[in-house]
Amino acid sequence: MSGAMQDFATHPTNWLVILPVVLALLGGAVLLMLREAREAQFWLALGIVAVIFVSDIALALRVSETGPVAMTMGRWLPPFGISFVADLTSAVFALAAAGVTLLLLVYLRMDMPDRARRDGVYPLILLLLAGVSGSFLTGDLFNLYVWFEVMLISSFGLMVLGGRNIQLDGTVKYGFLNFLATTFFLAALGLLYGTLGTLNMADIVGRAGLANPAVMTSIAALLLLAFGMKAAAFPVNAWLPASYHAPPAAISALLAGLLTKVGVYALLRALVMLLPASREVLEPVLVLVAIGTLILGPLGAIAETNLRRALGFLVIGGIGATIAGAALGNATGLAGSVTYVLHAMLTISGLYLVAGLLEAISGETDTRRMGGVYAAASLPSLLFFVLMLAVAGVPPFLGFWPKLLLVQGGIEGWGFGRDGWALTLWLAVLANALLTLIAVSRLWAHIFWRPGHEGAATEAPNPDLKPLSPQVRWLGLGSAGVLTLVVLLLGLWPEPLLGFGKDAAAGLLRPANYIVATGLEGAAP
Amino acid sequence: MDHVIAALSGVFLAAAIYLLLSRALIRMLLGLVLLGNAVNLLILVAGRLGRIVPPIALDGANAPSAGAANPLPQALILTAIVIGFAMFAFLLVLAYRTYQSLEADDTDRMRVAEPRGGPKPPMSY
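Chains A and B, in that order, are what the protein sequence lines are. For the first sequence, this note's numbering gives the first residue as 4, with consecutive numbering after it. For the second sequence, this note's numbering gives the first residue as 265, with consecutive numbering after it.
In case anyone wonders, no lab produced these hints; they're calculated from the structure. Among the clues, some could well be false.
Claimed, not checked - Label-pair ranges, simulated between beta-carbon atoms:
id, chain 1, residue 1, chain 2, residue 2, range
1, A, Asp122, B, Arg380, 28 to 36 Å
2, A, Pro287, B, Gly381, 34 to 42 Å
3, A, Leu433, B, Pro319, 41 to 49 Å
As the list claims (entries may be wrong) - No more than 20 Å apart at the CA atoms, straight line, and that leaves these computed lysine to aspartate or glutamate pairs for EDC-like:
id, chain 1, residue 1, chain 2, residue 2
4, A, Lys505, A, Glu367
5, A, Lys469, A, Glu457
6, A, Lys176, B, Asp372
7, A, Lys505, A, Glu415
8, A, Lys176, B, Asp370
9, A, Lys505, A, Glu68
10, A, Lys469, A, Glu362
11, B, Lys384, A, Glu367
12, A, Lys176, B, Glu378
13, B, Lys384, A, Glu457
14, A, Lys176, B, Glu367
15, B, Lys384, A, Asp369
16, A, Lys469, A, Glu367
17, A, Lys176, B, Asp369
All values derive from a computational prediction rather than experimental measurement. Don't be surprised by glycine CBs; every beta carbon is placed ideally from N, CA and C.
Let the sequences and hints guide you as you build the complete structure.
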């Protein structure tokens with residue numbers, strides 16, 4: 004047993020793995036103490052998130068050069084001590100999360116009610132970022148549960164901040180169902196621990212193959228339910244359109260951009276990397292879930308008249324695409340899945356930010372009464388145009404590349420194994436792209452092209468539209484513009500994105516380096 | 265002993281699901297609490313019960329003596345209880361505040377975010 008204790012100090016550069024989480028947690032605590040100094044709070048929050056962003060960049064660079072980096076807490080060696088492990092997937096996701104949060108902080112300054120600032124919006128955002136980064140970077144399943152809860156309770160706070168009736172209503176549904184999902188996750192953890200005697204991810208990879216496959220598949224199914232609920236996959240998606248349009252636009256952007264993606268990340272990590280044999284057994288379920296989510300999302304968006312509710316359905320459609328990659332299970336499909344998560348983090352947050360601007364211009368949340376924005380405000384229209392084509396997957400915009408990989412993965416699955424599931428998924432991804440294009444072009448026609456309200460029989464400009472104030476223009480358009488620019492550039496120059504997808508998928512499918520980095524070479528199969 | 269606790273966990277789970285299917289917020293909340301306890305018992309059983317030697321390493325030893333109880337499930341449960349309690353407290357306050365503001369504790373009557381009989385899809389341009 005003495006071998007289980009670590010008698011050397013962790014190499015200082017490996018501290019980089021927990022730096023984003025530690026900084027966010029400490030920052031949240033400090034900001035809580037500074038709640039009276041509201042101006043200082045903003046600048047401090049901005050500074051801390053900027054430092055987190057920089058350390059995430061350093062981590063991603065290091066991981067892309069040397070492979071996964073790990074660090075274990077305390078003196079207990081893995082699998083006893085709690086490990087933090089960054090492989091390419093987690094490092095890049097954490098980087099994207101920090102980047103989006105940084106821009107959202109700027110955007111949030113544009114129209115923040117003083118009341119929200121008093122009630123601690125900045126500490127909550129930092130704690131949310133801590134939860135999200137922790138979920139991405141942890142190498143221990145129970146620790147993942149804890150970060151889920153950190154993320155959950157801060158998102159409750161953010162969603163209800165302001166306390167309007169619609170927010171209370173949305174938070175009740177969001178809160179109950181998400182808490183239920185994490186409880187299912189906890190139950191799966193208990194069963195997993197009872198079966199394998201370990202919760203360290205690298206250790207689970209080695210042991211899962213030796214355990215009773217029926218038990219492992221039941222656990223995997225429970226994990227699929229829990230993470231599917233968090234990710235808002237069909238048929239457990241009803242909470243998302245009920246709640247994400249309730250808080251202010253910047254907060255919805257933060258939640259829609261990051262939280263569901265953490266669910267998808269956990270799903271990929273658990274089913275693809277930890278329990279690959281069970282994923283194969285569950286493949287028909289995954290396929291049906293993916294197809295349902297892929298088709299239901301854009302159909303909901305087409306039927307919806309509330310702008311941000313329509314965007315919520317587009318979030319769901321994207322989740323379907325990521326699950327399609329997990330259902331395909333080949334390297335190309337998984338690369339599509341991983342790149343789609345990255346694309347959705349950036350594009351969906353951007354869409355919500357622009358939706359906030361559109362609501363500020365028109366004073367409405369209903370697309371039937373928003374008409375004529377194109378004539379009144381050309382810059383937000385331009386941003387929306389780029390983002391809507393990106394989300395629909397029109398080349399050369401960002402969303403095209405993940406969908407191309409998914410389609411390619413479907414063809415490969417069909418070509419190599421005559422796998423009928425792969426063919427159905429291939430069709431569903433194409434149908435999703437078409438339906439999403441219909442949904443967003445309807446939004447475009449209703450909000451931008453139509454001169455006035457629905458049914459207004461006049462060509463005169465909509466008199467209810469008012470120009471953005473200078474502050475809103477600089478902060479709101481600036482942050483949404485930077486995000487759109489990133490989406491545009493990544494779409495036009497997709498080489499890094501595709502390379503990341505290929506390497507990340509390989510890392511998930513063959514986690515040997517991950518296990519070595521954690522320090523469990525001997526336990527590998 | 266394991267079987268008894270496992271069965272108890274199952275009873276808790278059944279009661280929790282029954283309560284969660286209710287439309288009243290308070291019942292759903294109690295259902296969540298019961299569910300949390302069912303899962304805690306599940307973790308406890310998963311760590312195997314029945315050993316009575318406390319898991320304490322003696323002076324000079326690196327490991328507890330043979331036959332010691334498994335301390336890890338207890339650590340997991342403790343964490344889960346603390347988190348579950350925080351969530352319960354938040355949701356309780358949220359439910360009360362919602363009851364005050366919306367005058368409803370019945371989820372069927374809480375339709376602010378998703379109004380009943382909402383508008384039809386936009387039919388025309």
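Hint by hint, here is what the structure shows:
1. Between Asp122/A and Arg380/B the Cβ separation comes to about 31 Å, which falls inside the hinted range of 28 to 36 Å.
2. About 37 Å separates the C-beta atoms of Pro287/A and Gly381/B, a value consistent with the hinted range of 34 to 42 Å.
3. In this structure the supplied range 41 to 49 Å is violated for Leu433/A paired with Pro319/B, their Cβ-Cβ distance being about 57 Å.
4. For the suggested pair Lys505/A and Glu367/A, the alpha carbons sit about 43 Å apart, so the restraint of at most 20 Å is broken.
5. Taking the CA atoms of Lys469/A and Glu457/A, the gap is near 18 Å; set against the 20 Å cutoff, the hint holds.
6. Distance hint between Lys176/A and Asp372/B is fulfilled; the C-alpha atoms sit about 11 Å from each other, no more than 20 Å.
7. Of the pairs offered as hints, the one joining Lys505/A and Glu415/A holds, with about 15 Å between alpha carbons and a cut-off of 20 Å not exceeded.
8. The straight-line distance between the Cα atoms of Lys176/A and Asp370/B is roughly 12 Å, inside the 20 Å bound, and the hint therefore holds.
9. Taking the CA atoms of Lys505/A and Glu68/A, the gap is near 15 Å; set against the 20 Å cutoff, the hint holds.
10. A C-alpha spacing of about 10 Å is found between Lys469/A and Glu362/A, which places the hinted pair at or below 20 Å, so the restraint holds.
11. About 17 Å separates the Cα atoms of Lys384/B and Glu367/A, which keeps this hinted pair within 20 Å; it holds.
12. Under the criterion of a C-alpha separation no larger than 20 Å, the hint pairing Lys176/A with Glu378/B is consistent with the structure, at around 11 Å.
13. Between Lys384/B and Glu457/A the alpha-carbon distance is near 13 Å, which keeps this suggested pair within the 20 Å criterion.
14. With a C-alpha separation of about 16 Å, the suggested pairing of Lys176/A with Glu367/B holds against the 20 Å cut-off.
15. Only pairs whose Cα atoms come within 20 Å are accepted, and Lys384/B paired with Asp369/A is accepted, the gap being roughly 12 Å.
16. The hinted pair formed by Lys469/A and Glu367/A meets the criterion: a straight-line CA distance of about 11 Å does not exceed 20 Å.
17. With a CA separation close to 12 Å, the supplied pair Lys176/A and Asp369/B stays within the 20 Å bound.
Hints 3 and 4 from the list above are not met by this structure, while the remaining hints are.
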